[in-house]
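*Asks:* The residues making up each chain are set out below.
Protein chains: 2
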Amino acid sequence: MALDRLIKNILEKKNPTVAGLDPKLDYIPDYIKEQAFQEHGCTLEGAAQALLTFNKGLIDALCDIVPAVKPQCAYYEMYGWQGMRALKDTITYAREKGMFVITDGKRNDIGSTMEAYAAAHLGEIQVAGERFAPFGGDALTVNGYLGTDGIAPLLKVCKEKDTGIFVLAKTSNPSSSELQNQEVQGGEPVYLVMGKMCEEWGKELPGKYGYSGVGAVVGATWPEQLAELRKELPHTFFLVPGYGAQGGGAKDVAGAFDEKGLGAVVNSSRALMCAYKKEGCRPEDYAMAARREAIRMRDDIAAAIASV
Amino acid sequence: MALDRLIKNILEKKNPTVAGLDPKLDYIPDYIKEQAFQEHGCTLEGAAQALLTFNKGLIDALCDIVPAVKPQCAYYEMYGWQGMRALKDTITYAREKGMFVITDGKRNDIGSTMEAYAAAHLGEIQVAGERFAPFGGDALTVNGYLGTDGIAPLLKVCKEKDTGIFVLAKTSNPSSSELQNQEVQGGEPVYLVMGKMCEEWGKELPGKYGYSGVGAVVGATWPEQLAELRKELPHTFFLVPGYGAQGGGAKDVAGAFDEKGLGAVVNSSRALMCAYKKEGCRPEDYAMAARREAIRMRDDIAAAIASV
Chain C
12 MALDRLIKNI LEKKNPTVAG LDPKLDYIPD YIKEQAFQEH GCTLEGAAQA
62 LLTFNKGLID ALCDIVPAVK PQCAYYEMYG WQGMRALKDT ITYAREKGMF
112 VITDGKRNDI GSTMEAYAAA HLGEIQVAGE RFAPFGGDAL TVNGYLGTDG
162 IAPLLKVCKE KDTGIFVLAK TSNPSSSELQ NQEVQGGEPV YLVMGKMCEE
212 WGKELPGKYG YSGVGAVVGA TWPEQLAELR KELPHTFFLV PGYGAQGGGA
262 KDVAGAFDEK GLGAVVNSSR ALMCAYKKEG CRPEDYAMAA RREAIRMRDD
312 IAAAIASV
Chain Y
12 MALDRLIKNI LEKKNPTVAG LDPKLDYIPD YIKEQAFQEH GCTLEGAAQA
62 LLTFNKGLID ALCDIVPAVK PQCAYYEMYG WQGMRALKDT ITYAREKGMF
112 VITDGKRNDI GSTMEAYAAA HLGEIQVAGE RFAPFGGDAL TVNGYLGTDG
162 IAPLLKVCKE KDTGIFVLAK TSNPSSSELQ NQEVQGGEPV YLVMGKMCEE
212 WGKELPGKYG YSGVGAVVGA TWPEQLAELR KELPHTFFLV PGYGAQGGGA
262 KDVAGAFDEK GLGAVVNSSR ALMCAYKKEG CRPEDYAMAA RREAIRMRDD
312 IAAAIASV
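Line by line, the protein sequences give chains C and Y.
Counting along the first sequence from 1, when you hit position 233 you're at 244 in this note's numbering, and nothing is skipped either side.
Counting along the second sequence from 1, when you hit position 278 you're at 289 in this note's numbering, and nothing is skipped either side.
It should be emphasised that the hints constitute simulated quantities derived from the structure, not laboratory data.
Bear in mind the structure is a predicted one, so any value in this text is a computation, not a measurement.
Given that identical chains are not distinguished, each listed pair holds provided it fits within a single copy or across any two copies.
Derived DSS-like pairs (lysine-lysine); straight-line CA-CA distance at most 25 Å: (1) Lys271 - Lys219; (2) Lys167 - Lys35; (3) Lys24 - Lys262; (4) Lys25 - Lys108.
Let the hints inform the model, and build the full structure from the sequences given.
*Replies:* What follows is the structure, encoded as structure tokens:
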């Protein structure tokens, strides 16, 4: 149930990290782009093909050591419906390789509209009796600004399809404080109000490791709030962006974990995708460079958790 | 600049309304679906084709009297990338017919990720020097929970491409109060904090009618807050959902308008799309039934504005 499949993957691989698949064209080695443009022209199809080839290489190189991937919808949507097809194909490929897929869409709406997003990303739809999983991820990031009306439709689908959600609580960016740190009457900041709603919503999706199917997004750039929220939200699993390129280190994320070393999955995107550039190795070795960086990150975070 | 093209359309058509294009399969007449399934099978392609045909009929029937359409992304995304292709084709068709297109995606993210959404929906992207407008709308609804880091990338694109945004402030649903009505220190509710940020962000996109390129979403179901926000946010144009099916009436939305009768555009989706069902007319007349309902709505709202 819930996020249990993710947690099982994390335990098996002894690795609480997720590989962000945010494939900007700039990150993709030229030889992949040239091949894609030769086949499809310098078009949206060509770009989408380059994204998919790049992703498949990363997935092949990471799937036995990294438990999950997190494709960021925006980087697919920016190549139109052709890019969205690459998103679907990426998700399918990663799941075939046993990875848990967190679709990072930050979707939000209400009622039957939110049901449509839930079906699109976590469930199935019917067309004249035929069933389809339009994108088919295992979890979806969502924005809870609209309240329970925007979350309840997801819970229903999550229960039926054994999928989960991550609700934005305290995001990694500097200006997240403008709204999220405003204190409401009683003195609680908005991010904690949102976190407590996650605990409440999560009651409908209990999990066997103690964490519900309603996780929260909390940035690695806010170590104090991470530790505060870990204490306040004992059943809420965290998705932690902001490690690496955005400035969060392993020590910063340690507070996101409980005494058993569970409770969070830490994302890295650019550092993995661009490891070959940083290493200065051959572009053809980009996937193995990502694997080396993934191992370094795994060990870095494991050491920080152990030392707490 | 900004939302001026929308306001110009509203003035020319003397009609401050927008037609929501949320084409659930249930809303679409059988003869359209049967034709689409015959050509493409009972598949996502078939569903997407039915959506597009239905939308084109509505756009043809409405384009000379209604200034804008608002396709809701979720109802396209739920049919996968095939549905997203129908979204793109719907937007292109509506713009060819002179309608202003508000893409209702409630997208949100930060930095270069938000730049990707901005390019996808309001701007252009480059593939090896070739330029493409992936979806090509005139405005996008967005969620401001992440603060300025999530909005600034949009402002840049809006300035370059003469497009605009609508930020969620007070949404139409009952549980919007859970977070949005929480009062922060100083006593202001979260929706007003968000509204004031819209005024601030809007300074970068001034418009010639006094309204900036940063609008706000405020539900017709909250007439008091609509009137309060109209007073507090003199440069922020409102997108008002919740009229009709969700319970808001013409009197309820009157407070969203200024003394010149400007300041808001009121959305109706289901009441237009399903007018043929309510009328009991032939399904083949669905578009003309939508036109009759659009005229009724226009006159209903005009009367309410005039009587204030």
